[in-house]
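Chains as they are written, first to last, in our numbering: chain R, 1 to 759; chain G, 1 to 165.
No lab work stands behind these hints: they were computed from the structure. Honestly, I wouldn't trust all of these hints.
Pairwise CB distance ranges, derived in the manner of DEER restraints [said to hold, decoys possible]: (1) R:9 with G:75: 43 to 49 Å; (2) R:49 with G:9: 18 to 24 Å; (3) G:77 with R:107: 19 to 25 Å; (4) G:64 with R:193: 44 to 50 Å; (5) G:10 with R:193: 30 to 36 Å.
Derived DSS-like pairs (lysine-lysine); straight-line CA-CA distance at most 27 Å [said to hold, decoys possible]: (6) R:25 with G:98; (7) R:25 with G:125; (8) R:259 with R:70; (9) R:293 with R:75.
Glycine included, each C-beta is placed from N, C-alpha and C at the ideal position.
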Amino acid sequence: MSSDRIVGKSVPRKEGRDKVTGRSKYVDDMVLPDMLFGATVRSQIPRGRIRKITFAPGIAWDEFVIVSAKDIPGKNCIALIGDDQPCLANEFVNHPEEPILLLAHPDCHVLPKAVEAVSIEYEPLPAIFTIEQSERRSEIIWGEDNIFKTYLIDKGDLDGVWDKADHIVEGEYTTGAQEQLYIENNGMIAAFDAAEGITVWGSLQCPYYVHKALMTLCDLPAEKVRVVQMETGGAFGGKEEYPSMIAAHAALLAIKSGKPVKIIYDRMEDMAATTKRHPSRTRHRTAVSKDGKILGGEIDFTIDGGAYLTLSPVVLSRGAIHAGGPYYWPSVRIHAKAVATNAPPHGAFRGFGAPQSLFAVERHMDRIARALGLSPVEIRRRNFLQPGQDTTTEQVVREPIDLGKLLDRALEFSDYHAKKQRFANESRVGATRKGMGIAAFLHGAGFTGSGERYLSSVVGVEGCADGHVRVLVSSTEFGQGTKTVLSQIAAEALGLPYENVTMAQPDTLEVPNSGPTVASRTVMVVGKLVQSAALGIRQTLISSNLLREAYTADEFRAACQHYAAAHGEFRSWSRYEAPSDIFWDDQKYRGEAYAAFAWAVYIAEVTVDLTTYSVSVDDFVALQEVGKVLHPLLARGQIIGGIAQAIGFSLYEKVVWQNGRMQNSQMTNYIMPTSTDLPPTRVFFEELGNVYGAYGAKGIGELPMDGPAPAIVGAVEDVLGVPFDSIPLLPEDIVEALDKDALAASAQDSRVTSTGVVR
Amino acid sequence: MTDSREGRAKAEISFAVNGEPKTVHAYPMERLLDVLRQQLQLTGTKEGCGEGECGSCAVLMDGILVNSCLVPVLQAAGSSVITIERLAAGGTLHVLQKAFLECGGAQCGICTPGMILAAVHLLNKTPEPTTEEIREGLSGNLCRCTGYSQIIDAVAEAARRGTST
Chain R
1 MSSDRIVGKS VPRKEGRDKV TGRSKYVDDM VLPDMLFGAT VRSQIPRGRI
51 RKITFAPGIA WDEFVIVSAK DIPGKNCIAL IGDDQPCLAN EFVNHPEEPI
101 LLLAHPDCHV LPKAVEAVSI EYEPLPAIFT IEQSERRSEI IWGEDNIFKT
151 YLIDKGDLDG VWDKADHIVE GEYTTGAQEQ LYIENNGMIA AFDAAEGITV
201 WGSLQCPYYV HKALMTLCDL PAEKVRVVQM ETGGAFGGKE EYPSMIAAHA
251 ALLAIKSGKP VKIIYDRMED MAATTKRHPS RTRHRTAVSK DGKILGGEID
301 FTIDGGAYLT LSPVVLSRGA IHAGGPYYWP SVRIHAKAVA TNAPPHGAFR
351 GFGAPQSLFA VERHMDRIAR ALGLSPVEIR RRNFLQPGQD TTTEQVVREP
401 IDLGKLLDRA LEFSDYHAKK QRFANESRVG ATRKGMGIAA FLHGAGFTGS
451 GERYLSSVVG VEGCADGHVR VLVSSTEFGQ GTKTVLSQIA AEALGLPYEN
501 VTMAQPDTLE VPNSGPTVAS RTVMVVGKLV QSAALGIRQT LISSNLLREA
551 YTADEFRAAC QHYAAAHGEF RSWSRYEAPS DIFWDDQKYR GEAYAAFAWA
601 VYIAEVTVDL TTYSVSVDDF VALQEVGKVL HPLLARGQII GGIAQAIGFS
651 LYEKVVWQNG RMQNSQMTNY IMPTSTDLPP TRVFFEELGN VYGAYGAKGI
701 GELPMDGPAP AIVGAVEDVL GVPFDSIPLL PEDIVEALDK DALAASAQDS
751 RVTSTGVVR
Chain G
1 MTDSREGRAK AEISFAVNGE PKTVHAYPME RLLDVLRQQL QLTGTKEGCG
51 EGECGSCAVL MDGILVNSCL VPVLQAAGSS VITIERLAAG GTLHVLQKAF
101 LECGGAQCGI CTPGMILAAV HLLNKTPEPT TEEIREGLSG NLCRCTGYSQ
151 IIDAVAEAAR RGTST
């Protein structure tokens, strides 16, 4: 065995060469003979009954394949958690852009005009668009009360703390919708064959989610549905659930036409119709002692789920569990609720509820600091979770994490104290002013609570006939480095060169269900299974006397070839087993929410232009503890890329809604950061290790989405001295907040004067 | 997607692609992007937004960086177009492609061809760019994965090594 370790090294990205040469095959690069192109006719109104569908003259309709809800062979739904979302609206529509009809034609150029020529007559019904309207229940649009899901986390004796509190601090915080904006739009190709069933190729994160949805929709057994992931040009959660819808549409057209059908969304359709990050509203009421210790708090966390259930219960769960941040709460009551509105369903996006609730708690910590006359540094230091203490779900922190030390190091890297003082002393007359902001946070890796137990993921490692090793997982690559890191893990476990390991293309005919590629679980959870399946290959070869305990790569190759020739297929499987010391109570929402948390302190330095109120981030320090870093270059890429998306979430990306429809569904008017908008980002890793992850790794992908928004908004607050509680924070939002603050201040002044109190 | 064919007949349009003369039969207002991808099977050029905002479809036309989704193919007549497929002709990676691999400049890969062509264009004009010039030179190409840092590292590294184009 080679003594050089492979994990911990920045080996070349597995599919990197194909990507830099343009040879990678994305779904739109694939062409099948006789292929038709599909398009979707969508609802133009937020809510109503479909009365009549007419096809305008002037179009050769007989050349088109037309599919409606009545063509669905199985159940008209996109099966996920609930089955409430129709694949095609039949009688009612519940949000703008809801699919109603499908068209296919051999010439893609004639489709836009045909879609426009289908006119749908509706009987409109009253619609609701905000969390507050949904809570008012003047219209019930989902279930009996517009509520998709609620959770209650209840720890300690909260009712007893209010009398003991020296201060009670209240605040309300909101975050907006955010578009994932992967640069490759969604797309699928489907082909149908009566004997083989349905096959789809597409841009997607979770092959087995699509598989399940197609089985239900087409009423086909598992072996008659095949899902293949093509190279996927970015996802970020945005290709977790909606690809099932597009696959369903392509499949229906393929079944009806008997030909392969390609559906590729253009940017406007992708932005307007597919999922976004859930808008949120969080209310905090916190009891604090005079020395700045949290005694207890009430947290009300509400998200807008849009028109159907989709993944909202799971997003809500993660948001609720992260709502207390990395702090010790002796008592807390967290009420979490996902509500329905007549907007397209909101869905998965990197962080999955945590960026929303962590924004709120971090802004609230700054508010508490102000109320007590403490600094943002000091309020955090006094309340950090310590080993031996427990989280809001009563999970005891067992690892030796020292958040105070993490904070000290981040302060040092950012030169925080010196800069704070310098910025405060700098002239208050200039046209620009600078400030600093801090965020401390945590992110749980893997599925929540019993989630991994239910998933029961399986991975395979194959010893191939030519002697190389192939990893079989449904975990997908969409930029984050799945193929590279899982290959490193297999190579490390077998003591083989990285080049001797390949990855099977995710294809449900070939790879087992290793669970969805979400929740920062791939390296930590799936990686651990790859390690154990790889060791199974080694063990088999050794126990068959084909290999000694110590071997060279050539000896391994020969042994593998020998075994594969003698036994045919040579595969080793590994299934997830929950660690015995992890306990979770789904009813009380109590226990070990995650096998591991990653921890971080981020510090932002910003400049605010006092004429235009534009904000630029000048320096960004990101310090995190993510267990063992298996690939430093990719890990750094994940952190910087996540921070860039979070800077967009904070300062640029505003979805403009009108009656449930996105008004700015273009890259020209929905603004994401360019190369000139982003700061130099300095990334630092602490490595404590993690007993549950492969070679000590924890999850990493979502963490960097959580911290930048509160840090940046904190820095803007540091400059302007006015609290900011909402994102996105665009210049016009800053002006509005300043006006509101000035108004409130002058109202207070006049009250004071009228009672004769001299200030 | 607009209907680019209405009321016009297909025309024979000739131009050079990656150094080879090509003649295509296309509607004059068809997008160069579609002609490259569909008729010439050069699928390394990607569509991201269809309105010239993201740069995924960037190619070099007579040495100028253009968004091929905004170029009617008629406009390309007589020109010389370079796509990503040209850069590693003969199997040897271009210095920028190598640098993108080594510095982590490609994640999901969908913006990479356009980004690399924008970088080729930048280094042709400015062989020793400052970081600010790199940021400026790539500002017409959107990347959602990397936050650009490792792309900027890659371009700086390629400039340090010297490009061969």
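Consistency of the hints with the structure:
no. : hint                        : verdict
1   : R:9 with G:75: 43 to 49 Å   : holds (48 Å)
2   : R:49 with G:9: 18 to 24 Å   : violated (46 Å)
3   : G:77 with R:107: 19 to 25 Å : holds (24 Å)
4   : G:64 with R:193: 44 to 50 Å : holds (47 Å)
5   : G:10 with R:193: 30 to 36 Å : holds (34 Å)
6   : R:25 with G:98              : holds (20 Å)
7   : R:25 with G:125             : violated (31 Å)
8   : R:259 with R:70             : holds (19 Å)
9   : R:293 with R:75             : violated (54 Å)
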